[in-house]
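With the hints as a guide, bring both chains together as one complex.
These are the residues of each chain, in order.
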Amino acid sequence: MTGYWRLVAISLRTAPAQVLGWALAVCALVTSSASAIGDKYAEQASRDAYAATYVGTQSSAALQGRGYNLETLGGILANELGYLTLIMLPLIGLHLAIRFTRSVEDTGRLDILTAGSVHRLAPAAAGLTAAALTAVLTFLLSAAALVTLDYPVAGSLRYAGSLAALMLAFTGIGALVAQCCRDARTSYVLAVACWMVSYLARAVVDARGVDLTWVNPESWLAEIRPFAAQPPLWPWLAVAATASVSFAAAAVVATRRDQGAGLVPPHPGPAAAPSWMTKPLHVLVRLTLGVCLGWTVGGSLFAFSFGYLTKQISVLSAISGATRSDNIDATVSLFVQMNALLAAAAAIQLTQWLAAEETSGRVGYALASPVSRRRWWGATAALVTAWSLVLLICMGVCTGLGLAAGFGDVGYLDDGVPATLAYTPAVLLLAVIALALQSVNPRVVTVTWLAVGWGIVVCLRADLLDLPEWARRLSPVHWVGAVPRDAWDRPAALVMTLLALALAAVAVLAFQRRDLRAG
Amino acid sequence: MHAIEAEALCKRFGRTQALDGLDLAVRQGEVHGFLGPNGAGKSTTIRALLGQITLDSGRARIFGLDCRRQSVQAHRRLTYVPGDVALWPGLSGGSCIDILGRLQGGLDPKRRDALVERFELDPTKRTRTYSKGNRQKVALVAALSVDADLYLFDEPTSGLDPLMEDVFQQCVRELKDAGRTVLLSSHILSEVEALCDRVSIVRRGAVVREGTLADLRSHTLTTVTAITGTAIARLADLDGIVDLTVEQQPDGVHTRFRVGRAALASAVGQVAAADPTALTVEPPSLDELFLTNYRTDTAVTEGTPA
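Chains A and B supply the protein sequences, listed in that same order.
The first sequence begins at 1 in UniProt numbering and counts up one residue at a time.
The second sequence begins at 1 in UniProt numbering and counts up one residue at a time.
Think of the hints as simulated: they come from the structure by calculation, not from any bench.
Some clues are possibly wrong.
[To be verified] For lysine-lysine, the following DSS-like pairs were computed, each having C-alpha atoms within a straight-line distance of at most 30 Å: (1) K110/B / K125/B; (2) K176/B / K132/B; (3) K176/B / K110/B; (4) K279/A / K132/B; (5) K279/A / K125/B; (6) K40/A / K311/A; (7) K132/B / K110/B; (8) K110/B / K279/A.
[Stated by the list, open to error] Residues of chain A clear of chain B, computed beta-carbon distances all greater than 12 Å: (9) S46; (10) A145; (11) W234; (12) T255; (13) T296; (14) S300; (15) V363.
Ideal placement from N, C-alpha and C gives every residue a C-beta, glycine not left out.
Just chain B, same shape as in the assembly (with noise of 0.2 Å):
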């Protein structure tokens, strides 16, 4: 059983079709990278998933349970940071996390003390005076401060500053070590590097990409850069291979192009061949392969090799 599983999830609002048949699993134990363009339906995904919307079609459930139906029972074994953390504005930040914490029931006031310390968090400043950080930084210590199964994090780390980053990437960690299972939102790629054992790409409403990051990676391209004596043969000829531009230069022959892991040994074995002064191997980044992942249908296409 999955800790999260959604099948062909629809919901439209108005005239705008926010999810689009959008499949997602999430297996128990594992942190979950979900990513995707403003708007692609990641936070839409995630009202699903706590029961907040009903979805025209398609099903939800957590551990089994059925999102809408059976919503408190899933809610017992789960606990969520919002994108957008909307506080009571007359209290407290700590009165914040207690009541959210008891809402959700099995607060533990040690955790939740340390936690506040970690975060460098002032528990007594009223609520309308924290700036975004701050506000985030309830959210999270309300969530971490409980034992769950299942955290749900909806861009836990927008407006914290890099130390805090760091410090929820250790809570993330700690969580992962204990076995629970974390879905996470982001746009910090560096994030979902650091901590995501899969990801799921998200776009107009569907996953476009899902997988371990090294499955991504091994979908993008890797660029080639060589300045060699003579022009490299046939290396037009080879499949895969896209970009190719070759320059003729005081110092020898530039050659650069971008080739898929298929082709890559027998295309580096060309190069290798021409006997290069100079030859670089880029492995893909992350940017690049979200990007390629972000932008449109065809272009995706053409970074995948047939």
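Just chain A, with the same shape it has in the complex (with noise of 0.2 Å):
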């Protein structure tokens, strides 16, 4: 393929960052789990221990997947690690893929490479070897650190390349979505609403205990069973079996289709605006309307699932001796957890597109008009804040319908809101951290993001990691405490809502002051 090596490099020059830090943070977490639980479960008889709480029940399946050979450490490891693994792995492969061929594309980049004398198919093969050099990292370094903590060889070499391996399906999953979508954006919403499917199909079949394991590549990192006597070989063929499958239909829609364009042609659109929309929000409502449904549907259909899901998880739990009701409001304080960490991702993921239309030029032209630039961050602020809280409010009804549901009892149905909106402040504070860094620098709201993946972090691994209070502390969504497990934290709340408002006013000078990106 000509000029296939030239274009590698150039994907890995530009975007060095992108290959080694994902590979590197999945590393941090397996490491840090597997020293962490390497000290918890030091003796056999409380490996046991764990192992038999599991026994009999999938309850906790529908979070952290299927667990298998729980009476050694490596695979305490493994269903432990389920819970971020499913989400984090998928999701990664997703944005790599996409980031790596749909995104280059967009820029018009492409237009001069495939100009010279450049395979067709050349850049798109590139970028998902790119993409791919993250998950062979992800393995290397897994294997290694896992090797190094005294894990059993073989075992730590399939983990780690069970980790590889599902990021790799998506990969080839995300390059499919890639090439058939008109633009990244298109592209980043399909694949996320894929792996949303993926993930609540696997939550189902886990929790309900179904035998289809091998429909859905999200039930193959479990089914692997890496560190089983005699571990199954078909996971591996699936997965290879999905990826070369998707990776050949991606290149066969890539030699189908214009450069540029998705595989629907682009539809004509009305020759003039509708006549309400005249004011900058209106306009910034109609730019993000798309991605915003796209959250509240997803985000509400997560909230139901776990909702529903909630009956069975804590009966895990009250085999270990709690009380019932304790029980299921520690599961529920769980999921409206990450309901908020959701809300608070959708804010940020708005405040990216709001930054990328002044990278892209749009806003100094629009502010070219009277519109004062306190007007324009006031009408992004609105749009990003109100639809988070939508979102938010969408959610914790959901959560309360599935508990409802789950539970056969209506009377469930008003438990999700409270203690959904008790995060209010929580998500109010990360968005406005997300819109302050926006002020001040366009390019670099993607920080934020760390703040959530470290949220997630705390929310389901903070007990595992044995992460001291400070470090807990650093995720707004821990200051709250666990409603409706804990009360509310009225002060803490009380600070976070001071606090953002705080930075929003210092935000808006900065926004003020600064030069706009060219435009």
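As structure tokens, then:
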């Protein structure tokens, strides 16, 4: 393939942080968990006790996948990490596939590159090679870390391989999605939707114990059974088949479609803007409507599913002796925290889109009209906070609906909303942090994802990792406390709200004073 | 009060001095050409006028309003076509025109439709599928549909075909007849010659020449070629004659020189006195005028008679 290696070099040189960073993040997670689990379950007796609590119940499997070989350290590690790996790895795979193919095409760079002596498929193939390199690095780094921590060599290799395999399977799916959609934004929306369907389908299959694990890539991570005496071969073949079929399909689509276009040709739009679209806020609403609806549908589905599965999940802790309502509350608080983090993630993504409006030059163009920067900022902030609150309410309602449906008791209906809304100040604070970064420099909004990522780690894995209190405090969601199990921490909520307001005030000033990006 | 008054604008981006003491004055009701090589600071000046960037020093005013502190009031009176038009990818061209026009205020729907017709724009196409020229048309229609006092055009016709270029020139003439002010940044010399009352030539962040085209012409050199029977006397002694070449050829003495405005009459007098069999006097071409001014400082001083 002419030009392939040169393009691989360009991909790696333009985004080394993407390739290396994600692999290091996964490796850091694996290493810290493996070390914590090694200490906590040093005795075989404690491992047997751990395994015993799981026998016969696949209750928490909705969140962490099915657990196998729980009497071994490796089995416990794979089981405990399932909470995060089932979310992180697919999303990283999808992101890298789109980042290295469609996002590059969106910049128009491909038009220059493919005018040279470059094979038609070389840019996409090179981009996907860079993306797949992350999976390879993830495998190498994680395997090295596990072997160093005295986990069995064969099991470590298989487990690290399973992480890379899941990432790779979704890189393939991402590659296909990226070729079919008309641009990177649409690709991300569709790709995340694919992941969510896959994740929720697996949650239902695992929680209900249905024998359908062969259908879904998300299930294969556990089915590889890395620490079993005789691990099955079929999940590896399934991953290999999925990846090769999607890469091949992506290649077919890439050769059939026009450069810079999707599979479906764009249909003509209206000759005039609707008459209600007269103010900056209206324009921004129109631009973000699609992604906001996507988040609302996805978030609601997520909230409902876990509300619905709460009954099964809370059985687990009941076995270990706590009272039933305590357990339900503990489980619900986990889910409403996830609701809050999803709402914050939506706020950050919206802010990123609006920051891209500026870097593309459109904000500078629009602000040549008599619209003050403060008004534009106000419209942006209103849009981001309003949508994340709408999303939060929808998810709260859906958690309540899910609880009611799962328990078959309408009394649970109003449990979701108050608990979810208790996290409003945390969501607001995270949204305003993203907005403030955008006000200082539109290119650094991405940093806010670290806060959400850390929030997820603290929410799901703080106890396992034995995180000190100060580290947990880095996540604003943690400040509120575990509502509804704990009472709502009013002072913390007040502090966060005030912080958000103060930060917003500083952000407006910063946005008014700085240079706008080219326009 | 001038439409645009910029005094000693300075702006530094990292290590580049984008504006280095730039002065610009645009009178009300004139079409002012804004010329200069790539990277000279034309777009930076326009961004400063729009209040998009803070100046390190200097002050810029539009109709007496400070470009930074009173930008909203200033923007009520102007409309702008960027050099690199970025439109919202998911929307149709017509939607973009309406959004931009409504944000600006005072969009005239009849005028909009007439302009869409004149520029032969398909407003239902998604902006993603537009070519560069069509994106430019969207921005032009949006700006021209609005009744403003000042029109800021940053290379508005790059990517337009000659027919559309012609439509654009008609539109600017109509603006001029209506007494509007236009700042036209352009690389197309014929366009500048056809439209502009006065021009400013900017190089390395400062204006190096400013005036009417006739003014600028008077500072450049006329080329004279003549064939005479004998060599022309005392030509080399005249002040202001440059690039003098004299060649003896079978049909006579070929003389060629360039001369500034001050010495033109006496030089041509000398040539006439030598009884030429052929004589051509070429006025300075606009291209030459700009090329001289775009190049280095030394070239300019050489070309300007003392």
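Quiz item: If you check each hint against the structure, which ones fail?
Solution: 15
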